[in-house]
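Peer 1: Following the hints, put chain S in place on chain C, whose structure we already have.
2 protein chains.
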Amino acid sequence: MKIVALAGGIGGARFLRGLRAAVPEAEITVIGNTGDDISLFGLRVCPDLDTVMYTLGGGIDEEQGWGRAGETFTVKEELGAYGAGPGWFGLGDRDFATHIVRTQMLAAGYKLSAVTEALCDRWKPGVRLIPMTDDQVETHVVIEDERGRRAIHFQEWWVRLRASVPALSIAAVGAEESKPAPGVLEAIEGADVVLFPPSNPVVSIGTILAVPGIRDAIAAKTVVGVSPIIGGAPVRGMADACLTAIGVETSARAVAELYGLGLLDGWLVDEADADVRVEGIEVRPRPLLMSDPDATAAIARAAVDLAVELKRAEEAR
Amino acid sequence: MKIVALAGGIGGARFLRGLRAAVPEAEITVIGNTGDDISLFGLRVCPDLDTVMYTLGGGIDEEQGWGRAGETFTVKEELGAYGAGPGWFGLGDRDFATHIVRTQMLAAGYKLSAVTEALCDRWKPGVRLIPMTDDQVETHVVIEDERGRRAIHFQEWWVRLRASVPALSIAAVGAEESKPAPGVLEAIEGADVVLFPPSNPVVSIGTILAVPGIRDAIAAKTVVGVSPIIGGAPVRGMADACLTAIGVETSARAVAELYGLGLLDGWLVDEADADVRVEGIEVRPRPLLMSDPDATAAIARAAVDLAVELKRAEEAR
Numbered sequence: 016m017k018i019v020a021l022a023g024g025i026g027g028a029r030f031l032r033g034l035r036a037a038v039p040e041a042e043i044t045v046i047g048n049t050g051d052d053i054s055l056f057g058l059r060v061c062p063d064l065d066t067v068m069y070t071l072g073g074g075i076d077e078e079q080g081w082g083r084a085g086e087t088f089t090v091k092e093e094l095g096a097y098g099a100g101p102g103w104f105g106l107g108d109r110d111f112a113t114h115i116v117r118t119q120m121l122a123a124g125y126k127l128s129a130v131t132e133a134l135c136d137r138w139k140p141g142v143r144l145i146p147m148t149d150d151q152v153e154t155h156v157v158i159e160d161e162r163g164r165r166a167i168h169f170q171e172w173w174v175r176l177r178a179s180v181p182a183l184s185i186a187a188v189g190a191e192e193s194k195p196a197p198g199v200l201e202a203i204e205g206a207d208v209v210l211f212p213p214s215n216p217v218v219s220i221g222t223i224l225a226v227p228g229i230r231d232a233i234a235a236k237t238v239v240g241v242s243p244i245i246g247g248a249p250v251r252g253m254a255d256a257c258l259t260a261i262g263v264e265t266s267a268r269a270v271a272e273l274y275g276l277g278l279l280d281g282w283l284v285d286e287a288d289a290d291v292r293v294e295g296i297e298v299r300p301r302p303l304l305m306s307d308p309d310a311t312a313a314i315a316r317a318a319v320d321l322a323v324e325l326k327r328a329e330e331a332r
Numbered sequence: 016m017k018i019v020a021l022a023g024g025i026g027g028a029r030f031l032r033g034l035r036a037a038v039p040e041a042e043i044t045v046i047g048n049t050g051d052d053i054s055l056f057g058l059r060v061c062p063d064l065d066t067v068m069y070t071l072g073g074g075i076d077e078e079q080g081w082g083r084a085g086e087t088f089t090v091k092e093e094l095g096a097y098g099a100g101p102g103w104f105g106l107g108d109r110d111f112a113t114h115i116v117r118t119q120m121l122a123a124g125y126k127l128s129a130v131t132e133a134l135c136d137r138w139k140p141g142v143r144l145i146p147m148t149d150d151q152v153e154t155h156v157v158i159e160d161e162r163g164r165r166a167i168h169f170q171e172w173w174v175r176l177r178a179s180v181p182a183l184s185i186a187a188v189g190a191e192e193s194k195p196a197p198g199v200l201e202a203i204e205g206a207d208v209v210l211f212p213p214s215n216p217v218v219s220i221g222t223i224l225a226v227p228g229i230r231d232a233i234a235a236k237t238v239v240g241v242s243p244i245i246g247g248a249p250v251r252g253m254a255d256a257c258l259t260a261i262g263v264e265t266s267a268r269a270v271a272e273l274y275g276l277g278l279l280d281g282w283l284v285d286e287a288d289a290d291v292r293v294e295g296i297e298v299r300p301r302p303l304l305m306s307d308p309d310a311t312a313a314i315a316r317a318a319v320d321l322a323v324e325l326k327r328a329e330e331a332r
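Protein chains in written order, with our numbering: chain C, 16 to 332; chain S, 16 to 332.
Calculated from the structure, these hints are not laboratory results.
One or more of the hints may lead you astray.
Given that identical chains are not distinguished, each listed pair holds provided it fits within a single copy or across any two copies.
[Claimed, not checked] Here are the simulated lysine to any residue pairs, SDA-like style, with alpha carbons at most 25 Å apart:
| no. | residue 1 | residue 2 |
| --- | --- | --- |
| 1 | Lys126 | Leu55 |
| 2 | Lys139 | Gly95 |
| 3 | Lys139 | Ala287 |
| 4 | Lys126 | Gly95 |
| 5 | Lys17 | Pro197 |
| 6 | Lys126 | Ala99 |
| 7 | Lys126 | Tyr97 |
| 8 | Lys126 | Gly98 |
| 9 | Lys17 | Leu121 |
| 10 | Lys139 | Gly100 |
| 11 | Lys139 | Gly98 |
| 12 | Lys139 | Ala99 |
| 13 | Lys139 | Tyr97 |
| 14 | Lys126 | Ala96 |
| 15 | Lys139 | Ala96 |
| 16 | Lys126 | Glu191 |
If we strip away everything but chain C, and leave its shape as in the complex, we get (with noise of 0.2 Å):
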C-alpha cells in the first residue's frame, strides 16, 4: 500500500511513527510543512522537517518532542556572549550541525527536497521525507502590540510570543507562486489513500494545501484525517490561536469543515467529539490521545483502515 501523508511538527511526526508501526509493509511518502523555515545566523533551519526526521530517525528529544536527545547549546551560549540574536529560539549543538549541512548545500545549489534527502541518508526515517515545496514560503503572522500593527515570522510569535497576542491574520507568504517539490504531485497521484495527521490544520497542514497543485491533487484521492482538536482544545501546541485567527471555531467539527467536504473523506474524532457531524464526511470517534507508541499506532492503524474502507466503498459505487 502507498501512503501519503501531510505533516507539521510534533504532533504529525509522532503520528507518523505510529503509521509507519502500524503498517510496516506500506510504503509512505511525508510531505512536510516548510512555512515556519527561518533563518537564524545565516543558517537555514526546517523545523518541521527536522522533526519529522529526527522523531523517526531515532534522535529525537522525546520529552520535548522538537530537536535532539542529549543535546547541549555551547554554540547558543557563545553567539550570546557576541551579542547575536536570536536567543528565544532554542538551537542546540547537535541540531546547529543539521543546519551547518542543510545551508552548505543550499548555498552550493541542491535544491531543498535534495538536501532534505541527503539529511535522511543518515537518519533513515523509514519514509520518504520531500518538503512541500522547493521555494520560499514564510508564514508570517499580523499582530497589533505598543509598535503598532504588524507582520512578524510566525515563529516569532510561535515561539517567542508563545502565541500570546492576538493573530490578526495569518499568511503564507510566497505560496501563490510556489511549486510543489519534485515529487510531491507524483507522490500524491500514486498513493492509495492520503492522511491528515492531527497537525495544525492552519499553518502545517494549511500552508501545505495553499501550494498550489498539491490540494486539487489530493482532492482526487481518499483522504482521511485525524482531529487535532479534542473536546474543543488543541490537543497540544496553539492551534487554536491559529483557528482564531482565520476565524474558525476551536471544534472537531469546525476544523473537518475547514479541511471542506470536496477534500476529506473520513475524519477520526475523539470519544469526546462521539456527536459531531459533518455532512458528506465519514465522522468516527475513537480515542485519539498519542499516549504512548502503541496508542499512537492504533490511531494511525485507524486511520489507514477507515481510508481502505471509504476506498473501497467509492469503488464499490
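Peer 2: Chain S in isolation, oriented as in the chain C frame:
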C-alpha cells in the same frame, strides 16, 4: 608610543601578549595574516585572526595554542555523522560560534575588517586587530604526490598533511590584486615603530608583506624583527618546510636576509645565533624562547627598546 605589529598565529599571538604587558601604555595595532583563511562547512574561518583574538582576549586553549579553552566537539562529530567533511580541521563548538557570526556578517555585506572589529568588541584584546586585507587572499601550496603535481590550500598541507609532503612552491593567490584593509596603511604611517613577531616568515609575515602597499609603507619605518629560527630550527611550527619551499635556508641570518636590508633595521636573534651578522641590519642576541609570559614580555620589551634606539640613532643622523 604607537606600535604596529604584523602577526600570524600562535607565535605572533604570544609575542603580542608579551608586548601588551611590556608596554601597557603603547597603542598597538596588529595587522593579521588572512592568507590561511579557509571556508569550511560554508563558514569562513580565519585561524590567525582568531588565534590573536582568543590569545589576547583570554579565550585561548593555552596548551594547544589555538582554539578555545574548555572546548567541546559536538558539532564536528555531528557533521561527521552526516558525512560532511573535512574532519581534519579541529573546529570546536565554541569556535564554531565565531565562524557563524563572521559568516553571517560577511553575507550581510560587512567587510572582514568590520567583522573582526565586531568580534573584538567581545574579546577586548587590548590592541587594534586589522586583517591585512578585506580581499580574498589564499595561500596555496604546490605538492607532488601519488595524484601528481597539484596545488592545495595551505591548511590542507599544514593541518592535514602536517607539512610532511615537500612544498614545491607556495603562493599567496589573489595577493597581487588585493588592497590593504582600511586603517592598515594609516596605522603603519602613524606608527613610531613596526615589529615583526617570531611568526612564520613565509606564510604569515611574508603573506602580509605581499599585499601591495604594505611593504613600502613599512620600509619607511623603523622595523625590528624577532627571529622565529633558533639555532637552525623553528622555535615552533614548521617554518623550515616553508623556507625550504622558497629556497631559503632555515637560519636566523637567512630569514633576516629574506626580509631584506631595505625593510629590516634591527633583528633579535637567540644567544645560540650570537655569531649571526647581516650587512646593514643591527643584530642583537638574547634569549628568545617564549617559555612563559614574563620571558615573552622581556623579549617584546627588548624588541621595542632596540627599535626606539635605532629610530633615535636614525633621527640623530
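Peer 1: Determine for every hint whether it applies to the structure shown.
Peer 2: Okay, the hints, checked on the actual structure:
With identical chains, the CA atoms of Lys126 and Leu55 are at most 25 Å apart both within one copy (19 Å) and between copies (20 Å). Proximity of Lys139 and Gly95 under a CA criterion of 25 Å is satisfied inter-copy only: 16 Å between copies versus 33 Å inside one chain copy. In this assembly of identical chains, Lys139 and Ala287 lie within 25 Å of each other by CA distance neither inside one copy nor across copies; the values are 36 Å within and 62 Å between. Proximity of Lys126 to Gly95 under the C-alpha cut-off of 25 Å is restricted to the inter-copy arrangement: shortest distance 22 Å between copies versus 31 Å within a copy.
In this homomeric assembly, Lys17 and Pro197 come within 25 Å of each other (Cα to Cα) only inside a single copy, at 17 Å, whereas the closest approach across copies is 62 Å. In this homomeric assembly, Lys126 and Ala99 come within 25 Å of each other (Cα to Cα) only across copies, at 17 Å, whereas the closest approach inside a single copy is 28 Å. In this homomeric assembly, Lys126 and Tyr97 come within 25 Å of each other (Cα to Cα) only across copies, at 17 Å, whereas the closest approach inside a single copy is 31 Å. Within a single copy, Lys126 and Gly98 get their C-alpha atoms only as close as 31 Å, which misses the 25 Å cut-off; across copies the closest is 18 Å, which meets it.
Neither within a single protomer nor between protomers do Lys17 and Leu121 lie at most 25 Å apart by alpha-carbon distance, with minima of 30 Å and 46 Å respectively. Taking the shortest alpha-carbon separations for Lys139 and Gly100, only the inter-copy value of 20 Å comes in at or below 25 Å, while the best intra-copy value is 32 Å. In this assembly of identical chains, the alpha carbons of Lys139 and Gly98 lie at most 25 Å apart only when taken from different copies (14 Å versus 37 Å within one copy). In this assembly of identical chains, Lys139 and Ala99 lie within 25 Å of each other by CA distance solely across copies; the values are 17 Å between and 34 Å within a copy.
In this assembly of identical chains, the alpha carbons of Lys139 and Tyr97 lie at most 25 Å apart only when taken from different copies (12 Å versus 36 Å within one copy). In this assembly of identical chains, Lys126 and Ala96 lie within 25 Å of each other by CA distance solely across copies; the values are 21 Å between and 33 Å within a copy. Within a single copy, Lys139 and Ala96 get their C-alpha atoms only as close as 36 Å, which misses the 25 Å cut-off; across copies the closest is 12 Å, which meets it. Within a single copy, Lys126 and Glu191 get their C-alpha atoms as close as 19 Å, which meets the 25 Å cut-off; across copies the closest is 37 Å, which misses it.
Hint violations for this structure: numbers 3 and 9, all remaining hints satisfied.
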